[in-house]
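Engineer: From just these sequences and the hints, can you work out the full model?
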Amino acid sequence: MTAERERRRTEEPWRVGVLFSCSGPLALIEQTQLKGTLLAIDEINEAGGIDGREVVPVIYDPGSDDASFAAHAQRLMLDDQVSCIFGCYASSSRKAVLPVVERLDGLLWYPTLYEGFENSANVVYTGAAPNQNSLALCDYLLGRHGQRFFFVGSDYVYPRESNRVMRAFIETGGGEVVGEAYVPLNATRHDFVPIVRQLRQAAPDIVFSTVVGQATTFFYQCFAEAGLDSATMPIASLTTSETEVRAMGHDVARGHLTAASYFQGVAGSSNSDFLARFRKRFGDREPANMCAEAAYFQMHLFSRALAAAGTMESDVLRTCLADLELEAPQGPVRMASGSGHARLWTRIGRVDDAGEFEIIAEAGGPTPADPYLVSHGRNPTA
Amino acid sequence: MAATRPPDLLPRELARLRVVVAVPPDEAMREAIRELQRTRAELHHVWPMPARLPADADVLVCSYEERLAERLPWTIGRPSAALVVLLPPGRPVDYRRLRDTAPHAVAARPLPPGALTAALVTGHSAFRYEQRLHQRIDGLDETVKALRSIERAKALLMERRQMSEEEAWRHMRDMAMRLRVPVAKVAATLVDSAPLLK
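Chains A and B, in that order, are what the protein sequence lines are. For the first sequence, the UniProt record's numbering begins at 1 and goes up steadily by one. For the second sequence, the UniProt record's numbering begins at 1 and goes up steadily by one.
Among these hints, one or two may not hold up.
Some but not every residue of chain A turned toward chain B, in silico, with C-beta under 10 Å [to be verified]:
#	residue
1	104
2	120
3	338
4	375
In the SDA-like style, the derived pairs of lysine to any residue whose C-alpha atoms are separated by at most 20 Å in a straight line are [to be verified]:
#	chain 1	residue 1	chain 2	residue 2
5	B	185	B	152
6	A	95	A	105
7	B	185	A	338
8	B	145	A	339
9	A	95	B	135
10	B	185	A	95
11	B	185	A	339
12	A	95	A	371
13	B	145	A	376
14	B	145	B	156
Bear in mind the hints are in silico, worked out from the structure with no lab data behind them. Remember, it's a predicted structure, so these values are computed and weren't measured experimentally. Backbone N, C-alpha and C fix where the C-beta goes; we use that ideal spot for every residue, glycine too.
Structural biologist: Dropping the structure here:
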């Protein structure tokens, strides 16, 4: 290699693909993942890049549309020649991108809780699998709030699969599911009127919600307007984060529960540093949440793996990622040795008067992911 | 957005590949090999064709012959390298045998410029994809086996020890934690020793 080519090569930026929706019903939450991603990229570059080379994102807006996610993943890999794509919130968008990254041997870095039952060598899963959130939520609720659950979800792959898992957890734990209802992904206020009526009639002890995106706001607001009370019928969710709470209003969210790996109230300097930088970059009123946090720490994981690998080739990156540990805002996390899943924290938060999640239950340390629930007796596939 | 840069015509992974070429070295083939050298792959030319082709290659480039399958260092279906087969000029080809040798790419000699690199790059990509799918299937098979063991062991404990499903599960989980092994391993051991449990 000539000196000129060598010089060009060593200054060439590391290009990465970024796919989060800036439009459509999932833009609200996916924008927080974009922010977490960009904040981490800024930090990496301010610290001198990786091996002296800058990380440069190539960003597209798939507009909350699964086919567009797949098309943009293909464009990123074929035309922009990136091998790593940071993106996807909805499981249906992950499923759409999967064949592309699998055939072209890319890596999809996926910072979202999901329904499990997947383990692709071409995905790095940094959000919670069911054993890292729903199992703990189910145990907590059965122990304190009662036995009768009502499921409300957005109608796509994640809520349906997640409810299948949750139903098995509840029934083995001695509880029962007294109702199950779905609304379209782009549901409006109007769609929740009949749901709230059903809830009033069934009078469950707990409402388990997998409503996502903009519709979350409408659901909680309709619930409150109908006079239903979080003290007697809390909504428990795996997806309602600080971002949705802010959108719907504190008064509406107060008393409802969410299980997640991260809340803004997590103690420790790693989180306070993260929050300070997040607010400095995006404004004091901008909340962080579990999705922003996962998007943020996974970019730092990538940076560590890339520093060790010295190349963007997936084979090498995968090897360098195994067993990697990182002090994330949620606490120490660690990649598994033989899969792309991470050890994550399990926490339950309840919305307080200020609209923050008060952490009311917390695991003693990070839990390894068990995407197929092999090590859990309450196995829904059994 | 990033600045544009000159496109990479040669995939990076080529420079890490060990390629064994077992093809008669006529002048056209020598030119094709010189072309391959520019990819910075590690090249080894062997001729005559050995009875057993080396097992440590990432890509095997072989001249077609009827009994090629017997020279491969694997049995058909689980290749350990990408197989690129070159059809010799002016000789009939048994297409059934060619198909059953399961090559990842095929090219005909004499090779036009670029043809060998093209066959090598596409063949290796197809091979790696096949390998990742195999790994995913192996993982799924293991998972299904583990789930089955756990269910069978649970049923055994419920029947023979009069445990509830939850008790049976806790029993196995506690044992797994004590022994620091996966629950599936405890379950498989329980199932294997079922005759002794009677």
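Engineer: All hints are to be evaluated individually against the structure, with a verdict given for each.
Structural biologist: Do the hints match the structure? See the list:
1. 104: This hint holds: residue 104 of chain A lies near chain B, its Cβ roughly 8 Å from the closest one there, short of 10 Å.
2. 120: With a minimum Cβ separation of about 7 Å from chain B (threshold 10 Å), the hint on residue 120 of chain A holds.
3. 338: holds (8 Å)
4. 375: With a minimum Cβ separation of about 5 Å from chain B (threshold 10 Å), the hint on residue 375 of chain A holds.
5. B:185 with B:152: Answer holds: residue 185 of chain B to residue 152 of chain B is near 12 Å, not above 20 Å.
6. A:95 with A:105: holds (15 Å)
7. B:185 with A:338: holds (17 Å)
8. B:145 with A:339: holds (18 Å)
9. A:95 with B:135: OK: residue 95 of chain A and residue 135 of chain B at ~19 Å, within 20 Å.
10. B:185 with A:95: violated (31 Å)
11. B:185 with A:339: This hinted pair holds, its Cα atoms lying about 19 Å apart.
12. A:95 with A:371: holds (15 Å)
13. B:145 with A:376: holds (15 Å)
14. B:145 with B:156: holds (16 Å)
Of the numbered hints stated above, the single one contradicted by the structure is hint 10.
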